[in-house]
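Line order of the protein sequences matches chains A and B.
By my numbering, the letter at position 79 of the first sequence is numbered 79, and the numbering carries on one by one without gaps.
By my numbering, the letter at position 82 of the second sequence is numbered 82, and the numbering carries on one by one without gaps.
Just so you know, the hints here were simulated from the structure itself, not pulled from any lab data.
Glycine residues also receive a C-beta, built at the ideal position from the N, C-alpha and C atoms.
Honestly, I wouldn't trust all of these hints.
To be verified - A short, non-exhaustive set of chain B residues, derived as facing chain A with CB atoms under 10 angstroms:
{"#": "1", "residue": "Y31"}
{"#": "2", "residue": "G40"}
{"#": "3", "residue": "L41"}
{"#": "4", "residue": "L43"}
{"#": "5", "residue": "R44"}
{"#": "6", "residue": "Y48"}
{"#": "7", "residue": "D59"}
{"#": "8", "residue": "K65"}
{"#": "9", "residue": "F90"}
{"#": "10", "residue": "W98"}
{"#": "11", "residue": "F103"}
{"#": "12", "residue": "Q105"}
{"#": "13", "residue": "G106"}
Unchecked claim - Lysine-lysine pairs mimicking DSBU-like chemistry, simulated, CA-CA at most 35 angstroms apart:
{"#": "14", "chain 1": "A", "residue 1": "K3", "chain 2": "B", "residue 2": "K71"}
{"#": "15", "chain 1": "B", "residue 1": "K71", "chain 2": "B", "residue 2": "K18"}
{"#": "16", "chain 1": "A", "residue 1": "K16", "chain 2": "B", "residue 2": "K71"}
{"#": "17", "chain 1": "A", "residue 1": "K16", "chain 2": "B", "residue 2": "K65"}
{"#": "18", "chain 1": "A", "residue 1": "K16", "chain 2": "B", "residue 2": "K18"}
{"#": "19", "chain 1": "A", "residue 1": "K70", "chain 2": "B", "residue 2": "K18"}
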Amino acid sequence: AQKVTQAQTEISVVEKEDVTLDCVYETRDTTYYLFWYKQPPSGELVFLIRRNSFDEQNEISGRYSWNFQKSTSSFNFTITASQVVDSAVYFCALYANTGNQFYFGTGTSLTVIP
Amino acid sequence: EAQVTQNPRYLITVTGKKLTVTCSQNMNHEYMSWYRQDPGLGLRQIYYSMNVEVTDKGDVPEGYKVSRKEKRNFPLILESPSPNQTSLYFCASSLQGWTEAFFGQGTRLTVV
Chain A
1 AQKVTQAQTE
11 ISVVEKEDVT
21 LDCVYETRDT
31 TYYLFWYKQP
41 PSGELVFLIR
51 RNSFDEQNEI
61 SGRYSWNFQK
71 STSSFNFTIT
81 ASQVVDSAVY
91 FCALYANTGN
101 QFYFGTGTSL
111 TVIP
Chain B
1 EAQVTQNPRY
11 LITVTGKKLT
21 VTCSQNMNHE
31 YMSWYRQDPG
41 LGLRQIYYSM
51 NVEVTDKGDV
61 PEGYKVSRKE
71 KRNFPLILES
81 PSPNQTSLYF
91 CASSLQGWTE
101 AFFGQGTRLT
111 VV
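Can you build the whole structure from these sequences, using the hints too?
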């Protein structure tokens, strides 16, 4: 079975703090893709990153970084020096080649307090 | 401008009255899908399409129909809506299933 778990339902941090959003996935496929999407208060869904199962290299993009660890089936997302504009719901998602379906986690609502 | 367009943005309807939510993309994407978003449940895939005339069920297909007669359009049809289909719906498209998805603005549906 394919599944994505985001155990943190809501997180609040004070501006400039670092915050890590957890994502744990389950799949039996050897080829799969992991994604993070952001949903700001305006409601649209914005792509942030995609990793494939063969590439465990961590990635950094500005204040954002992602840690992919197959050994723990995790794909965690860290925001460094958080800003109010980071306040949003963040979704982790899995696409497995078997079935060609997408599986989203339940999302983590992040509030950055000024 | 590359985009996915959903219509309508808001819809209130009565139980049993057939409705269609349209979705159109202008990026020549192969893969299109529909999701519903409910509090505490995240996004759940309803149906997806790998290409024209190829559609398949996602996790929560009951009560919904789709068609993919043209590459750019992927309408979602509720033949007999019920109150448990009250939700926020998103259409998405991507070049392939494993590539970046572009989402429409969402359709907030209320069935009374």
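(request) Verify the interface restraint on B/L41: the C-beta must sit less than 10 angstroms from at least one C-beta of chain A. (result) holds, 6 angstroms
(message) A closest beta-carbon separation below 10 angstroms is what the hint needs, so does B/D59 meet it against chain A?
(response) Holds - the Cβ of B/D59 comes within 10 angstroms of chain A, reaching about 7 angstroms at its closest.
(request) For the pair supplied as a hint, A/K16 and B/K71, confirm whether the alpha-carbon distance does not exceed 35 angstroms. (result) Status violated; Cα separation ~45 angstroms.
(message) Given the hinted pair A/K16 and B/K65, is their Cα-Cα distance within 35 angstroms?
(response) violated, 46 angstroms
(message) Quick check on B/F103 please, does its C-beta sit within 10 angstroms of some C-beta on chain A?
(response) holds, 4 angstroms
(request) May I ask you to test the interface hint for B/Q105 with respect to chain A, counting a Cβ-Cβ separation under 10 angstroms as satisfied? (result) Given a least distance of 6 angstroms, the restraint on B/Q105 holds.
(request) Would you mind confirming whether the straight-line C-alpha gap from B/K71 to B/K18 stays at or under 35 angstroms? (result) This hinted pair holds, its Cα atoms lying about 24 angstroms apart.
(message) Next item in the hint list is B/L43. Is there a CB on chain A closer than 10 angstroms to its CB?
(response) Given a least distance of 4 angstroms, the restraint on B/L43 holds.
(message) Hint B/K65 vs chain A: min CB-CB distance below 10 angstroms?
(response) With a closest approach of 18 angstroms, the B/K65 hint is violated.
(message) Does the closest beta carbon of chain A sit nearer than 10 angstroms to the beta carbon of B/Y31?
(response) Since chain A brings a Cβ to about 8 angstroms from B/Y31, closer than 10 angstroms, the hint holds.
(message) For a C-alpha distance cap of 35 angstroms, please report whether A/K70 and B/K18 respect it.
(response) Not satisfied, since the Cα-Cα distance of roughly 45 angstroms exceeds 35 angstroms.
(message) Please check whether B/G106 passes as an interface residue: C-beta within 10 angstroms of a C-beta belonging to chain A.
(response) Where the cut-off is 10 angstroms and the nearest Cβ of chain A is about 6 angstroms from B/G106, the hint holds.
Against the hints set out earlier in the document, violations occur for numbers 8, 16, 17, 18, 19.
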